[in-house]
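Given these sequences and hints, build the entire structure.
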Amino acid sequence: MLLGRFGGKSLESIDHFPDRMALNGQWQNLLDQMRNESQDGIERWAYIGINEDRGTVALSEKSVRGEANRIPHDVAQNEKERAIETKEVTNFVGRIHSHPKIINWQYGDLKGAFSDIGWFSAADLYFLVHRRPEYLTVLVEGDDNLFAFRTRESHSKDDLRYLGFFGPKEQKGFEKYWCEKNGIILVDGHRAKSVAGNKFNNSDRERLNLSIAERHKLVFYRGKTLNNLAKIYPR
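Residue numbers (this note's numbering): 2 to 236.
To be clear, the hints were calculated from the coordinates, so they are not data collected in a lab.
All values derive from a computational prediction rather than experimental measurement.
The beta carbon of each residue, even a glycine, is placed where N, CA and C say it ideally should be.
Hints are all accurate, no fakes.
Below, in silico cross-link-like pairs of lysine-lysine (DSS-like), each with a Cα-Cα straight-line distance of 30 angstroms or less:
no.	residue 1	residue 2
1	Lys225	Lys63
2	Lys81	Lys177
3	Lys173	Lys63
4	Lys232	Lys63
5	Lys232	Lys182
6	Lys218	Lys177
7	Lys225	Lys81
8	Lys81	Lys218
Label-pair restraints from in silico Cβ distances:
no.	residue 1	residue 2	range
9	Asn37	Ser204	24 to 30 angstroms
10	Arg133	Ser212	21 to 27 angstroms
11	Asp75	Pro19	35 to 41 angstroms
12	Asn79	Asp144	25 to 31 angstroms
13	Ile186	Leu227	35 to 41 angstroms
Next up, the structure:
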């Protein structure tokens with residue numbers, strides 16, 4: 002709850018994150034709901050908010066439906082506005098989204114099944130590092146729940162000067178920079194393949210995620226459905 006009140010000043014140091022975290026029933030139910038609904042090939046989205054008066058974390062009661070390869074801005078914004086009006090949410094500190102079952106749009110020739118291990122896209126992680134960052138982003142993919150946390154040492158948009166000619170220093174530039182740095186080519190702005198022409202696979206996705214985490218001092222946790230989360234970066 003401190004995140005909602007004090008923002009980045011209340012962030013935990015990267016060295017102080019525990020090795021494991023437990024999710025309560027509300028979290029588990031929402032994540033599993035999104036997992037099941039995404040079987041239709043459409044991404045789902047939910048907010049992570051704060052109600053300062055009650056001193057509680059406020060999660061979406063239900064996720065909202067996006068599109069096959071993205072969550073339109075107006076879909077998320079409308080859900081946030083409803084949360085402010087009906088749930089008295091005072092601050093939004095993170096988001097949850099799903100990668101749907103049909104993932105051909107992003108990963109080339111892979112069709113009809115989840116990848117073996119869920120990983121964020123570079124665009125997903127941008128929300129943790131821009132000028133007005135969120136502090137937590139969650140991905141539901143396959144049987145995996147993947148959490149990424151901003152830390153006290155994380156760098157903000159003012160420190161994205163390394164993007165150079167990849168600018169403007171926004172989400173697309175961030176994604177392009179990190180994909181090309183890791184030998185990944187974006188096709189039509191969404192689908193990806195390796196520079197070598199091979200299929201974009203889990204090792205490519207892992208390398209992309211961990212390189213961003215190292216640069217921006219993020220912490221990653223992973224857990225299977227109904228299980229606790231285990232820290233996977235930094236080890």
